[in-house]
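Visitor: Based on the sequences and whatever the hints tell you, model everything.
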Amino acid sequence: MQKVEGMRLMEEDEWFLCCNTNEWQHHFREDNYKPLSSFSSEEMHALPFIKLAKKIPLQEWDSLEYFFTTSFKKILQHIASTA
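According to our numbering, the sequence shown holds residues 397 to 479 in order.
Because the hints were derived from the structure by calculation, they are not lab data.
Any given hint could be a false lead.
[As the list claims (entries may be wrong)] In the DSBU-like style, the derived pairs of lysine-lysine whose C-alpha atoms are separated by at most 30 Å in a straight line are:
#: 1; residue 1: Lys451; residue 2: Lys469
#: 2; residue 1: Lys469; residue 2: Lys450
#: 3; residue 1: Lys430; residue 2: Lys447
#: 4; residue 1: Lys447; residue 2: Lys470
#: 5; residue 1: Lys430; residue 2: Lys469
Guide: Written out as structure tokens, the structure reads:
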């Protein structure tokens, strides 16, 4: 199972990838999201769309701004490293 090049940056932070065929589902059950690290390159290329997600515990809700900012920076770093 070949991994997508450069995904290590994203895998280290517990990102999830949608595995459902309905992009409007947002729950974190196993039939909708799986850990990004569990996907092979072939599986990712077969997806009808890409939707990344990251969990934040409710206890950390007050630091939501930091969570969004750092998560967005990680996505941008990943894009820059693969461009």
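Visitor: State for each hint whether it applies.
Guide: So, going through the hints one by one against the coordinates:
no.: 1; hint: Lys451 x Lys469; result: 16 Å, holds
no.: 2; hint: Lys469 x Lys450; result: 13 Å, holds
no.: 3; hint: Lys430 x Lys447; result: 11 Å, holds
no.: 4; hint: Lys447 x Lys470; result: 15 Å, holds
no.: 5; hint: Lys430 x Lys469; result: 22 Å, holds
Checked against the numbered hints listed earlier, the structure breaks none of them; every hint is satisfied.
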